[in-house]
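K.L.:
Sequence:
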Amino acid sequence: MSEYQRYEFMTIDRPLTREQLDAVDDLSSHIEASSTHALIEYHWGDFKHDPIDVLHKFFDGFLYWANWGAPELAFRFPHGILPPDLIEGYDLDDFVTFTQHSDYDILDIHFGEMEGPDEWIDYELGSLIAIRDELMEGDLRALYIVWLAGQHMMGG
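Residue numbers are given in the working numbering: position 150 of the sequence shown equals residue 1613, and the series is strictly consecutive.
For the record, the hints were derived by calculation from the structure and aren't laboratory data.
Glycine is no exception: its CB is placed at the ideal position from the N, C-alpha and C atoms.
Just to be clear, a hint being listed does not mean it is correct.
Quick list of the computed label-pair ranges, beta carbon to beta carbon [claimed, not checked]:
1) 1530 to 1589: 37 to 43 Å
2) 1601 to 1486: 14 to 20 Å
3) 1587 to 1616: 18 to 24 Å
4) 1562 to 1511: 19 to 25 Å
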């Protein structure tokens, strides 16, 4: 099977401005972008930018996956809307980071060691973006599911 990587970004809180959209369009020759969504697909090569930096600067949600595995899901939140100790107690150090910035906070869920499925699955950010709102409303079930997946990966 050939190499395949997919980077997907979405805005929820507001559309990109014309200036922001122009900057996003310049990120890759492989990008398809609108004021609320960007999709980058590679069958060879890599995205030359840190996707978490792109998320922080422009978007509210990010999903990465490749045919060999290594999925990553991240969300940007208005600073302070989630508690600073959000992931404490979940023992997620290997899979989740929660980074607070002065303007936004980033929750990054990354399963770098997870292998891809045996059959082809088209993952889409649109089916996962609601997790962002759930977390902002105090519903932390998604973090529990991440913890369960991490336990399974570590053989626990």
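K.L.:
It remains to establish, for every hint, whether it holds in the given structure.
P.N.:
These are the hints, each one checked on the structure:
1. A beta carbon spacing of about 20 Å between residue 1530 and residue 1589 contradicts the range 37 to 43 Å that was offered as a hint.
2. Range check, residue 1601 to residue 1486: about 34 Å between beta-carbon atoms, so the 14 to 20 Å window is missed.
3. About 23 Å separates the C-beta atoms of residue 1587 and residue 1616, a value consistent with the hinted range of 18 to 24 Å.
4. Checked against the hint of 19 to 25 Å, the pair residue 1562 and residue 1511 passes, with Cβ atoms roughly 22 Å apart.
Of the hints listed earlier, those the structure fails to meet are numbers 1 and 2, in rising order.
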